[in-house]
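Numbering-wise, the sequence shown is residues 1 to 138 according to our numbering.
What the hints contain is simulated information worked out from the structure, not anything from laboratory work. Hints may be right or wrong, so weigh each one.
[To be verified] Per label pair, the in silico range of CB-to-CB distance:
no. : residue 1 : residue 2 : range
1   : L38       : K115      : 15 to 23 Å
2   : H60       : H121      : 18 to 26 Å
3   : R37       : V137      : 37 to 45 Å
Using N, Cα and C, we set each Cβ at its ideal position, and we do this for glycine too.
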Amino acid sequence: MKRFIPQACSTVVPTSRALLLKDQSGDVSDAFTSVLRLPKGILEYHAVPGHSPGQVAFFHKPTGSVMTGDAVVYTSAWFPFSAVKNICLKSPPGNYNTKLMKESQQMLAALPGAKAFFPSHDAYNGVSARALKEFVVA
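Could you build the full structure based on these sequences and the hints that come with them?
What follows is the structure, encoded as structure tokens:
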């Protein structure tokens, strides 16, 4: 029987669409790109390691919305018919680091002006700032 070996991804992101993020956090308008032109103060990026290295969250300051990627997980996305709707630490991939994950969640909860957090696997309407702050304190 032939062993299944997936082919390497042939999709290449054009360099004109890539962002070169300079530090652990900053304004996206400072990122190098030949296409994206945003005014300062609109969109911030923040490194949120823990689930995986190199993961980034984006904070849209005008609305107070944070796109967290897998740094925040809402259990309703995994169990949509459950009455339990909680934030949790996600089941780890091979390079998961619990300490960094918790630190990333604490940093996100402390973002001034953040009102709602939107995990990558969210089944509802995001997680409130209050709920995330309560989770990271517990």
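Okay, the hints, checked on the actual structure:
no. : hint                      : in the structure
1   : L38 with K115: 15 to 23 Å : holds, 20 Å
2   : H60 with H121: 18 to 26 Å : holds, 19 Å
3   : R37 with V137: 37 to 45 Å : holds, 39 Å
Violation of the numbered hints given earlier is absent; every hint is satisfied by the structure.
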